[in-house]
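So the protein sequences, as listed, match chains A and B.
Mapping of the first sequence onto the working numbering: residues 1 to 195, in sequence order.
Mapping of the second sequence onto the working numbering: residues 196 to 400, in sequence order.
Any given hint could turn out to be false.
For each label pair, taking beta carbons as the anchor points, the in silico distance ranges come out as [said to hold, decoys possible]:
id: 1; chain 1: A; residue 1: F124; chain 2: B; residue 2: V224; range: 38 to 44 Å
id: 2; chain 1: A; residue 1: N44; chain 2: B; residue 2: I287; range: 49 to 55 Å
id: 3; chain 1: B; residue 1: V272; chain 2: A; residue 2: A40; range: 34 to 40 Å
id: 4; chain 1: A; residue 1: V58; chain 2: B; residue 2: A294; range: 29 to 35 Å
id: 5; chain 1: A; residue 1: L48; chain 2: B; residue 2: V224; range: 45 to 51 Å
id: 6; chain 1: B; residue 1: P354; chain 2: A; residue 2: F124; range: 29 to 35 Å
id: 7; chain 1: B; residue 1: A345; chain 2: A; residue 2: G61; range: 24 to 30 Å
id: 8; chain 1: B; residue 1: R268; chain 2: A; residue 2: G112; range: 44 to 50 Å
Every beta carbon over 12 Å from chain B, so not counted as near; a handful from chain A, in silico [to be verified]:
id: 9; residue: L48
id: 10; residue: S68
id: 11; residue: L72
id: 12; residue: P170
Source of the hints: derived by calculation from the structure; they are not laboratory data.
Because the structure is a prediction, the values reported are computed rather than measured.
Glycine residues also receive a C-beta, built at the ideal position from the N, C-alpha and C atoms.
The chain contents come next:
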Amino acid sequence: MSRAGRPWLPRFLRNVLLWLVPAWAVWALLAPGYNRFLLASGQNLLRLTEYPSATLLVPQGPHDARISRLDLGKTLEKGFRVTDLHFHLVLLLALFLAVPDVPWRERLGHLGWALLLTIFFDIFLVFSTVKSIYATQLGAWSLANYGPFARNAYGLLHHLLDLPGKLSLPLVLWAAFYLPLLLTPTPRAGIRSIS
Amino acid sequence: MARKRAPHPVKPAARPPVSSAAADSPASVWREHRREITFLVLFLVLLGGGFALISLNWVNDHVVEPFTAGIARASGVGLNLLGQQVSLQGTIIQSHRFAVNIRNGCNGVEAMLIFLAAVLAFPASWRSRLAGLTIGIVAIQLVNLVRVIALFLTGVYFPKLFDASHTVIWQSIVILFGVMLWILWANRWAMAPLSATETPVESAP
């Protein structure tokens, strides 16, 4: 129950819909810069697993990336759309900003932690995307450099992170901070709680 | 809604004073956040298990693909009712102007699995879970049907918008719908409502 005695759920659902458009606008505005940050960070993470360092993730326009390997001496005919990896940020922003009756300072604090975790997740998603391409999509080169276990492991990792991980992350983070709101039984209509 | 089940216990309003070291100990964190941690772990295990299951070739070929073909047929019926004159070939919907292939990620299975994992992980009665799953899965598939039809029409009339609509807009809408449906279920139906004599010990902030 809210401080005003009104149930929070209808206001939460309304707020989510209201926050969607500004959240989408902010995400769309920042996406090109965030893409470059993710590519640089993902490239550094990938190079930690390589000796000598070979991966080069080259931005292609504001939304796409092309994978290049210095040891192969040419750009691979593989790339991916970086913007598609992090559109869950729109849902995250809307869900975290929409919770009513939580002071703004606390709400933004929770959002900050959630964003930080999401950024780490997104960097790891870039890593798994490129690794799964290396392990499964480069034909003879993949077979020569990755064994059956590694091919399956990287394929499964990317499968789990790309759809369920990416899509459920806002829900997981929201639940981590706000699940107690749902675990409190709802008073019957017409009965006000004392708060 | 009348229920026989007693409401889940809520956190006590006042706790005995503890030292800061004891308050930060893993045992204390566990006691304090037991239900949240249990929910999150169960949710992730169920979600990972579900997606690992559908990644198996046999499950994909014998369950997911036929299910997706069913979605294509239902979407084809809807599009024909809208005068699009489409034909079907497995999971492919095509007309003389545009064609789409419904693949994993577009069949609503992901949203269904996320919803299913969230409902099963939430502390509720099996009856309430079953009701939530039945209504939720049907609702998610209806929204997904609208999504497939809308995407096809976008491809026909606004082809430049198709890519953004496909990945960002509609995927977000379907997932957000599933999340909001779960929150609605968890708040309104999963938890037993308090009776007139009960007052929430700890109100939402």
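Going back to the hint list, which numbers does this structure go against? 1, 2, 3, 5 and 12
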